Amino acid sequence: MAKILAVDDSASMRGMVAYTLRGAGHEVTEAENGQLALDAASANGFDLVLADVNMPVMDGLSMVRELRTRAAYKGVPILMLTTESHTDKKMEGKAAGATGWLVKPFDPEQLLATVKRVLG
Amino acid sequence: MSTGGLAQFQQVFIEESLEGLDTMESSLLALDEGGDGELVHTIFRAAHSIKGGAATFGFPEMASFTHEAESLLDEVRGGKRAIAKPIVELLLRSVDCLRGMFDRARAGLPLNDATSEGVRGELAAMMGRAVPAAAAPARRAGDQAQAWIIRFHPHVGMLAGGNDPLRLIRELAGLGELAVEADLSRLPALAKLDSSECHLGWTIELKAPARREAIAAVFDWVEDECDLSIESRPSAVVTPAAAPAPASIAEAAARGTREASAESSSVRVGIDKIDGLINLVGELVITQAMLDTFREEFDPSRLALLQHGLTQLARHARELQESVMGIRMLPIASVFNRFPRLVRDLSQKLGKQVKLELHGEQTELDKTVLEKIGDPMVHLVRNAIDHGLELPDKRRAASKNETGTLKLDAYHRGGNIVVEVSDDGAGLNREAIVRKAVERGLIASGEGLSEEAVAELIFQPGFSTAAVTTDLSGRGVGMDVVRRNVSDLGGTVVIRSKPGQGSVFTITLPLTLAIIDGLTAAVGEERYIVPLVSIVETVQLKPEALKTVVGGGELFRFRGEYLPVLRLHELFGCAGAKRSIVEGLLIVVEGDGSRVGLFVDGLVGQQQAVVKSLESNYRRVQGVSGATILADGAVALIVDIAGLVRMHGRRKAA
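Chains as they are written, first to last, in this note's numbering: chain Z, 11 to 130; chain H, 389 to 1042.
Read the hints as simulated data drawn from the structure, not as lab findings.
Quick caveat: nothing in here was measured; it's all calculated off a predicted structure.
There may be inaccurate statements among the hints.
Claimed, not checked - Lysine-lysine pairs mimicking DSS-like chemistry, simulated, CA-CA at most 25 Å apart: (1) Lys100/Z x Lys468/H; (2) Lys886/H x Lys788/H; (3) Lys84/Z x Lys104/Z; (4) Lys99/Z x Lys468/H; (5) Lys930/H x Lys886/H.
Stated by the list, open to error - FRET-style restraints, in silico, Cβ to Cβ: (6) Lys126/Z x Arg465/H: 43 to 49 Å; (7) Val67/Z x Met713/H: 34 to 40 Å; (8) Asn667/H x Ala105/Z: 51 to 57 Å; (9) Gly33/Z x Lys473/H: 55 to 61 Å; (10) Met68/Z x Glu790/H: 44 to 50 Å; (11) Gly33/Z x Arg465/H: 33 to 39 Å.
Each residue gets a CB set at the ideal place from its N, CA and C atoms; glycine is no exception.
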């Protein structure tokens, strides 16, 4: 069981991710955009961050870059969960410091398996 | 994956996608009017979210469709393509297609249709690609469903192969309980009937969960000898009309589900309204505690305090009533927001220049009223653009601004909500209206008719002045339907028009459908509530004002015209009522565009009546719209004026 931050501007998607993770016994905090996620990350420590890329206010990649500058989040796995499948976008994500790239639609089983793997 | 989770978020996804589509539409319209590039990002984000969600929540057709739109947007966003009218146009139509898909998703129908496929092709073509294959129909609807609708129409020669349709249906019954309806519509006349041919078709409802394959397996052998469709059944109860065409079942199903979902739909309430309620309940509890002290000891010296407490209680009850009603109230903006798009499309199509002004968008209406006021308003707006506003050159010739103004306004007046649709167009064409009305036999001649009476003619059933029926207003729906829709909501619609200056349609609606203002009338032992909104006047008749016409019943003279008398005691069979016209009172009411006089013993008073449904507590009664409980505990029926007028019309016709 881990503390996970789920970031997505879509309530349905965020809800679905949180629902899936909670079902597996994880403690999930939800955030609507990159900025709110950063606020949540400042207030709490998370073992894993799962974030969308395209979001209003602050997008997911900017959020990753910002998180990676913080000592507490240097080694925390950050998975991007997005419909973006362009290779250059993925490369951009890798450069920003994302740990992995999951393309929507996500399969809950696969999400849980990936989460399990990155949490070690 | 647990399906409970999926279903739970599917609903959220649909709601947020519809909001996303609204955002896309308004941003596209703004872009069309020269808005900035940031709008493209907003539109892209909305499309992107819909695409991602659609794939996740089991709508691959929608994901594939949105993907096309998103790719086009991506090219615009990346500067590969300049934003141009045709692109905005196509994207707007894509928004419409997606709305349609969401509607069908809610109804459990196949998501793609000819329109969406067409638009998808256009999107691909615009990007210079071949049309991609349509996404496979959702597995969600395919594999397993709680119930199924199977439409089975054997070809005429199917029996020749030794396949008995009844055997197939029996085999199907092995999967679960069936409701079977035969379609006899293709049956030829007996003389022409050949018993070796099959002319029957069936609509079979399988009321048990089953896999699509299991059903398909039953018809495997005759697949090429029949028309077969297997669809998962939407959850709402659908009772198709006898022997309907397949398409109409689908529509009925869609309608049924939509209605059902509308009725069980939720209301989003602002937290301030909830806080207000809690506050009021708090005060109510305090007042009640204060009044409670009188239970233990009552000292006449404290009478003033008791009176004060009771006054307060009355005030709280009234405020609580208003607040609770307020929960159902939503701003009319949600209806008004449909119009920028409609006005844009219509005016472009007709080559007219129209500026749309919206006022009073924050005016709140009862949710039910809000849901039903859209259609009549759309009709009025279509009419205004189609018939009211002139073409630019005509306006110039009349030394008016080439751009016409169409104004939508909503405001409170008294205990009512007023919604106005006004234009600065040509106004009503008196000559054309009179000519048409004479043609239709509605009137003998236009002579001596007041402007008001001429305007009233357009509300007559079947009336239409358009020489050629356009595909805009002329949809077989006339102003009479607008009036009926409004009157079903307990409201009225009137028109004011000045030649060359324009027309104003004023819809007056009650604040809520849950409470009505009414006059209480006595008829024998009974009390009836007559809605105040439909009352024109109450009159006491002199014997000479009454006329009896053979076959036409009783008429009385009222402001220069003869109106029928409806005796409530006869209609409802009340004992002990006054029979002589001069002893009682006539309440002149207006409903469905006609006036009648309701004969009652007398008036008891005016009061607010909380409407209780008769239908859900007893059954539907003609001429009665509901019931209420009077202050003395007695039950009074609320008279349905429009219904009575219709009843009277039918009786006269019969």
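Evaluated hints:
no.	hint	result
1	Lys100/Z x Lys468/H	holds (21 Å)
2	Lys886/H x Lys788/H	holds (15 Å)
3	Lys84/Z x Lys104/Z	holds (14 Å)
4	Lys99/Z x Lys468/H	holds (17 Å)
5	Lys930/H x Lys886/H	violated (38 Å)
6	Lys126/Z x Arg465/H: 43 to 49 Å	violated (36 Å)
7	Val67/Z x Met713/H: 34 to 40 Å	holds (37 Å)
8	Asn667/H x Ala105/Z: 51 to 57 Å	holds (54 Å)
9	Gly33/Z x Lys473/H: 55 to 61 Å	violated (49 Å)
10	Met68/Z x Glu790/H: 44 to 50 Å	holds (46 Å)
11	Gly33/Z x Arg465/H: 33 to 39 Å	holds (36 Å)
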